[in-house]
Structure formats: structure tokens, C-alpha cells
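Chemist: Each chain, written out:
There are 2 protein chains.
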Amino acid sequence: MKITPVKGASDYLPNQARVRDFLQEKILETYRAAGFERIYTPIIEDIENLDKSDGGENLALIFKIMKRGEKLEKALAEGGELCDMGLRYDLTLPLTRYYANNRASLMSPFKVIQTDRVYRAERPQKGRLREFVQCDIDIIGDESRTAELELILTTAKALRAVGLDNFTVKINDRRLLRALLIGLGFAEDSLDGVCVALDKLDKIGAGGVASEMLEKGCPEAAVRGLGALLTEGAGLEAVKARVDCEAVSDLEFIMDSIAEAGGVDIEFDLSLVRGQGYYTATVFEVVSSDFRGAIAGGGRYDRLIGKFIGEDVPAVGFSIGFERIAAILTEKGLGAAAGRPRLAVIYEEKDFVRANAYAEERRADCDVTLIERPKKLGKLLNRLEEQGFAAFYVVGWEETEPKPLGDRS
Amino acid sequence: MKITPVKGASDYLPNQARVRDFLQEKILETYRAAGFERIYTPIIEDIENLDKSDGGENLALIFKIMKRGEKLEKALAEGGELCDMGLRYDLTLPLTRYYANNRASLMSPFKVIQTDRVYRAERPQKGRLREFVQCDIDIIGDESRTAELELILTTAKALRAVGLDNFTVKINDRRLLRALLIGLGFAEDSLDGVCVALDKLDKIGAGGVASEMLEKGCPEAAVRGLGALLTEGAGLEAVKARVDCEAVSDLEFIMDSIAEAGGVDIEFDLSLVRGQGYYTATVFEVVSSDFRGAIAGGGRYDRLIGKFIGEDVPAVGFSIGFERIAAILTEKGLGAAAGRPRLAVIYEEKDFVRANAYAEERRADCDVTLIERPKKLGKLLNRLEEQGFAAFYVVGWEETEPKPLGDRS
Numbered sequence: 001m002k003i004t005p006v007k008g009a010s011d012y013l014p015n016q017a018r019v020r021d022f023l024q025e026k027i028l029e030t031y032r033a034a035g036f037e038r039i040y041t042p043i044i045e046d047i048e049n050l051d052k053s054d055g056g057e058n059l060a061l062i063f064k065i066m067k068r069g070e071k072l073e074k075a076l077a078e079g080g081e082l083c084d085m086g087l088r089y090d091l092t093l094p095l096t097r098y099y100a101n102n103r104a105s106l107m108s109p110f111k112v113i114q115t116d117r118v119y120r121a122e123r124p125q126k127g128r129l130r131e132f133v134q135c136d137i138d139i140i141g142d143e144s145r146t147a148e149l150e151l152i153l154t155t156a157k158a159l160r161a162v163g164l165d166n167f168t169v170k171i172n173d174r175r176l177l178r179a180l181l182i183g184l185g186f187a188e189d190s191l192d193g194v195c196v197a198l199d200k201l202d203k204i205g206a207g208g209v210a211s212e213m214l215e216k217g218c219p220e221a222a223v224r225g226l227g228a229l230l231t232e233g234a235g236l237e238a239v240k241a242r243v244d245c246e247a248v249s250d251l252e253f254i255m256d257s258i259a260e261a262g263g264v265d266i267e268f269d270l271s272l273v274r275g276q277g278y279y280t281a282t283v284f285e286v287v288s289s290d291f292r293g294a295i296a297g298g299g300r301y302d303r304l305i306g307k308f309i310g311e312d313v314p315a316v317g318f319s320i321g322f323e324r325i326a327a328i329l330t331e332k333g334l335g336a337a338a339g340r341p342r343l344a345v346i347y348e349e350k351d352f353v354r355a356n357a358y359a360e361e362r363r364a365d366c367d368v369t370l371i372e373r374p375k376k377l378g379k380l381l382n383r384l385e386e387q388g389f390a391a392f393y394v395v396g397w398e399e400t401e402p403k404p405l406g407d408r409s
Numbered sequence: 001m002k003i004t005p006v007k008g009a010s011d012y013l014p015n016q017a018r019v020r021d022f023l024q025e026k027i028l029e030t031y032r033a034a035g036f037e038r039i040y041t042p043i044i045e046d047i048e049n050l051d052k053s054d055g056g057e058n059l060a061l062i063f064k065i066m067k068r069g070e071k072l073e074k075a076l077a078e079g080g081e082l083c084d085m086g087l088r089y090d091l092t093l094p095l096t097r098y099y100a101n102n103r104a105s106l107m108s109p110f111k112v113i114q115t116d117r118v119y120r121a122e123r124p125q126k127g128r129l130r131e132f133v134q135c136d137i138d139i140i141g142d143e144s145r146t147a148e149l150e151l152i153l154t155t156a157k158a159l160r161a162v163g164l165d166n167f168t169v170k171i172n173d174r175r176l177l178r179a180l181l182i183g184l185g186f187a188e189d190s191l192d193g194v195c196v197a198l199d200k201l202d203k204i205g206a207g208g209v210a211s212e213m214l215e216k217g218c219p220e221a222a223v224r225g226l227g228a229l230l231t232e233g234a235g236l237e238a239v240k241a242r243v244d245c246e247a248v249s250d251l252e253f254i255m256d257s258i259a260e261a262g263g264v265d266i267e268f269d270l271s272l273v274r275g276q277g278y279y280t281a282t283v284f285e286v287v288s289s290d291f292r293g294a295i296a297g298g299g300r301y302d303r304l305i306g307k308f309i310g311e312d313v314p315a316v317g318f319s320i321g322f323e324r325i326a327a328i329l330t331e332k333g334l335g336a337a338a339g340r341p342r343l344a345v346i347y348e349e350k351d352f353v354r355a356n357a358y359a360e361e362r363r364a365d366c367d368v369t370l371i372e373r374p375k376k377l378g379k380l381l382n383r384l385e386e387q388g389f390a391a392f393y394v395v396g397w398e399e400t401e402p403k404p405l406g407d408r409s
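First to last, the protein sequences are chains Y and G.
All residue numbers for the first sequence refer to this note's numbering, where the first residue is 1 and numbers rise by one.
All residue numbers for the second sequence refer to this note's numbering, where the first residue is 1 and numbers rise by one.
It should be emphasised that the hints constitute simulated quantities derived from the structure, not laboratory data.
Where hints are given, some of them may not hold.
No copy labels: a pair is met if it fits in one copy or bridges any two.
Stated by the list, open to error - Below, simulated DSS-like cross-link-like pairs (lysine-lysine); rule was C-alpha separation at most 25 Å, straight line:
#, residue 1, residue 2
1, Lys71, Lys7
2, Lys67, Lys403
3, Lys203, Lys379
4, Lys376, Lys350
5, Lys376, Lys203
6, Lys200, Lys375
No experiment lies behind these values; they were computed from the predicted model shown.
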């Protein structure tokens, strides 16, 4: 038998699991305190729902589940579809299906938490997971700009709750970006391609973006105009002078309100696109000078749910990069420290009941494990220290207090 | 698109999710306090590991994941194996693989918690889930009978923590049962079949069990002897008079220690078998006069890990019936009550920042959601009450305290 996990999936050791649980618990606590409600959706989805969804590149990465029994035999014999289900590649598709299925029983607006596993058949390579956790909040059924405010304030609070402080929220609006690009002279039917190029600004720089746009046949004047705005780091005021659309006043309301609420840095970023095709208006992400790339991202997707229920329902979501942050916290050595302090109570078999009674008393304040005394006590104590235990106690000692592990001689 | 979840999988509404989170959190809290450490293993496993495992009937219920890309094309062209992975059907197989893979980094004995999803392609029918949560604790690398004591005391504590009180732990030992059956005159190679019949005692009664054994060709005297012991509800003393094996003193030690520790009812049950083929010694389950069937079960499986690493490692586990208990608690209406009390703060858009500041102050004590004031306030308040909110507050009120929802007129 193979003892390693399948490619792209991980076994998490206790200290790693402790970081993941700490992270999830802190995030959930913050989300719940802000009135968001957790739901669970299945990891397995109907294959047609997945195949027909708005998943872009992810559609090529779906793990498919084979039919079983007679249906499989029939499909094999007749050359039909071999699969009837697949593993979800994100949490947004299951959420939209869930909302369509359950909306009569849900609060409106529906403020929802999902933190759960998703699957993508990525080409195996270092750090590229095939099974990973996403952590999303969404507000469904609220067209007001206050939905964005709630998501931004709550996500910022969650990040601070897990110990991240030095970050900025960047915001843009797809409507604004489109109006500006058209004003600069880009053709309307080229905008998707222009946005794809713009999205690479971080990776290939302004020069690379301009070359790519020119290769795609965009007008030189438009490319130069956009390049100038990007180079000068045009703020909302500069953009406002060029375009007149509702997105401007929405962005002003959001940025002013966040400033008034205090505690969160927010800035307009004209170059912010976000990859997903389904965003219709605001897009935002969280960046930190301590790490490369975004640690959270989201936006408004007012037309996705309509695909299920035939009528558009406004929706906006914000997703925290769970795996990213878990890796950062694990590197910082949080594992052994997360959770309550741990105490080992060491006993001989005949003393089990006494040892258990001692442990029970201590369990109000710490996690207490019972360990039968091995021949080599010193070796056990070294192991306990290595694993992050705070203290130990040997049943039969005269004193009643445990001894700190760093402190023995 | 299909808006319902796939067959045998569930969408959990917020109140249902609240019960599941409450249940899981209480259980985890108890397990961790007792020194057990949570781990995570992947939901997807190598298909050969699953197919060759000790899963009995579950092997026919594995959801299989298709190969992808060139490997799939090759398999289709050459008539080879179409799948390379599958969804796990329990948590014990992944745990044994995990232990084999990581044992150098783990505490010994390794006290481990797993509470996570498993998958079985059961024939769809009411109440039969294909995606469900199992909740296990195991102790690996401890041959001592104190491992059983820890599992029993900790599981009982977890059940009490979620509000179940009226239960009894039943215990037996496969070694004892085998020795007794051989002493009664059953052939050694018939014991597996005899145990299968005995396991049905609850369903088909002593008469049914006897008929099945006779049909299988067991000696009449042996069947009659066993029947007499079952009818008289033979205790450990009565059995002890007939067999002489180590299991007797182990059971006595366990039962005496549990009695001495206090607070948990434990009784010997000669008819207790537990289905899994891999148990080698003690088996136990928890029953309650309030519900039919077991609410937890487990036992010692000293030879399962050896299949991965070529050397036997003692192991013993106890599993709580998570879905069973979640259903019981949901029926009792725990959903709306679980978690912190919920407060709704109702505001108009211009007052968002003020509303948010009021909400922040209250979030120390309760979960607070912001809701923009709709045209029909009364309808909203009814909805809030329905959903289990405790109170509401309208920004702009003269008073500063929220108003209980049950209390308006």
C-alpha cells in the first residue's frame, strides 16, 4: 500500500492542524459576531452543474466521479457519459445552487459564511494544492453599497484577529473601468482581453501590459492614455474627471464610509481587475507589504444567481486566502503555541484513576494528556518539549503543581 | 441547472449548521482537554489503498474518481483501469495510512481526533446519507488497557457535554467471545459466521439467532448452550467460570476502574460483537434508553496498521455517531438556540457608520447583524423572530438598549 497522500493533497500534523483550527476559529468568530451565518454544502455536485458553470479555466480541472453499477455498464457499452458527479472547484457555484434551492427559508439579505474544501486537478508542483480550503463570506439579495462596507470591515477585522495588521484594501469597479477604457478609445468588444492584460500588471509591468494590448490590436493612443494613467497612479479624483458613471459615487461612498469608521486603509486602484469573469461592479483585494500577492479578494456578482433561478439577485463576496495565511502562520511557528497550554500527567497503570482525577481538575485551564510512565522518563520529557507541551506532572510526587518543561534540570 | 444537492448529500440551513458546529465544537473541546490532537487527512485516497483495504461491504460503495488527460485516454484506448483515486469510506483507513507516513513526527502513544466527511454510494433512501460526518478518537501505539479507559471516559464526557445523559457503555472482548464459543462446541472456522449471526440479536431476537446458526450447520448443543447464556443475560462472573483467558482480567480491570472513577455506567454484554472485521480484542458501544441503536461504538484493532508498515502496532478507537446525534439535537429544536444570542441592528443607509459603531460595541456579548430598514418593519421583525434572533435595535431610537423580539407590541 502507498503510505503518502495522493498528489496535491496533504496530511496535516497536529501542530499544522492546530494552526488551521486556530485560523478557522478566529475567522468564524469574527464573521459570526458580524451576523454572518455558516452553511454547509456538499463537496460533490452534479456534473452538469459544474460543467455548465462560469468557472473559466477551472472547468478543465474538475475531478469527475464515475457512475456506478448498471448506469456505468450502460454508459461503457453505449459510449455515453461515464460520470454523473464531480468535486466542486470553488464555493461560489455551490452557494448559488444552495440559494436557489433554499431561498424561501433564508434571511434576506442572506449573509453567509462558507469555509470548506475545494478541489482542482492542477498539474502537481511545489505549493500547488489539489485539495485546499477556501474561506468566503457573501451577502446575497442586497444591492446597496453598504453590503460592500460590511464585507470590507468584517474581512479586515478577521485578518487582524489572526494577527495580520499591516495591510491595505484596494478597490475598483468594473463599470468604472469599462467606461474609462471606452473613453480612452478601446473598442467595447476588446474590453475582456484588455482586462486580462491589465490583470498581469504586477507580473509583467506597465511595459508588458502595453505590448500585450498593442499585439491584440488595441489603438495606440488608447494604450498610451491608459499607460499614462497607470504610471501616474491615477486616483479616483483623476478618473472622475474623465468618466461620469454611478460607480464613482458608489466608490466615494464606500471609501468615505470606511475612512469614517476608521481603522482600515483603503485605496482606489485603477489597475485592479480580479480574474473571475462573473464580477459585475466593485472588485477588491487585500495586499500587505509583508507578503507578495493578495491575501484576500472579492467583488460584486449581480448576475450569477440568475443563471439558476432565471431572475437576477444581487450578490457580493469576499474570500480570505486560507491556505496562504495558514502557511504564513505555520512558518512563524504558531503551531505549538495555538490553542490552550498542554500538560502531560505521567502515571503507572495502578494509579490510573488517581491520575485521571488529577487531570480532570486541571482540564479547566489546559489540555491534559495522560501518559503511562515509560522506562526512560528523560526521553519522554524531551519529546514533550519538542511537541510544545508547557508542563508535566508525575503522579506520586509530593508537590501538587506541574513543572514547566523548559525548567527541569 | 439542477438546484437540489446530489442524491444522499445535504444542504444544511443556518440553524442546522449551527447545531452541527455546536456539536463538533463541544466534542472537540472535550477531546482536546483530554490530550487528543486533531489531524486532517485528505478526502481523496489512492484507489488501490481503498480497494485493498479491510472495508468489508464498504468496498462496494466507493465513489471512484476518473483519471484525467492522457492517462484517461490511454486507459480508455487500452481498456485499462479508468480510475486512480476514490473518496474515503471511513476515517480509519486514512488514519492508518497517515500513521504509517508520519509516525516519526508523532507522539507515542498517538492520541488522535478526526471529525470529518466520509462517502458511501449507498442506495438512496430516506435518512441514508452518501456524504456524512464521522467523529473518531483513537489511541495508536498503546497496548495497555488504560487506552480503553481513556477512550471510554472521554467519549462519555463528550456525550454529556452535548446534553446526552441517560446512557450505558456496553463492553465485550472478541478474544473472550471466541474462547467461550469454542468452549461451547462451535468449530473454530465457523466463528466469523457465528459472530455475524450474534450481531443480529437486537434485530431478530435469540430465536432468530439460533435458527441462523443451526442453518449454518453449527452443533445443536453449542447453539443451545449459547442461547441459555444469552437468555439469562450472563454477566462477566458467569462467563469467567467457563473460560480462562487474559480478556477476563482486562475486562475486570476496565470495568472496576470505570466504576472507581465514577459517573459512567458500564456493563458487560456477551452479545456485543460490532460489525467491523478488524477488531481483535475489546469492543464497546454506547446505548441509551432514549433512542434505538448505538450512539457510539469502537474497539481495539491491533493488526490493521501492520498492513501498511509490516509490523503490528496496537490501536484502539471510539467513534461517536455524529449524524445520529445532530439529528436528535436538531429535532429538539437546538438550532436557533445554539451559539451566542443574536441581535439585529436596523439602520438607514446614511447612518451606516453609526449603526456599525453601535454593533461593534455589542459584539462582545452577542452576534450582531446590520440590516437596512425595509419598508415593512413588522414583516422583518416577524422574520427575525422566526429565525431565532433574540432582540433588535433601530438606529435613531432614543433609548440605547435593544428590545427583545418576544416582547414587542
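Chemist: Work down the list of hints and note, for each, if the structure agrees.
Modeler: So, going through the hints one by one against the coordinates:
1. For the homomeric pair Lys71 and Lys7, the shortest alpha-carbon distance between copies (15 Å) is at most 25 Å, but the shortest distance inside one copy (29 Å) is not.
2. Taking CA atoms no more than 25 Å apart as the test, Lys67 paired with Lys403 passes in neither setting, with 58 Å inside one copy and 54 Å between copies.
3. In this assembly of identical chains, the alpha carbons of Lys203 and Lys379 never lie at most 25 Å apart, being 50 Å within a copy and 51 Å across copies at closest.
4. When the C-alpha separation of Lys376 and Lys350 is checked against a cutoff of 25 Å, the pair qualifies only within one copy, where the shortest distance is 19 Å, while the shortest distance between copies is 69 Å.
5. For a Cα distance limit of 25 Å, the shortest separation of Lys376 from Lys203 qualifies neither inside one copy, at 56 Å, nor across copies, at 50 Å.
6. Proximity of Lys200 and Lys375 under a CA criterion of 25 Å is satisfied in neither setting, with 61 Å inside one chain copy and 45 Å between copies.
Comparing the model with each numbered hint stated earlier shows that hints 2, 3, 5 and 6 do not hold.
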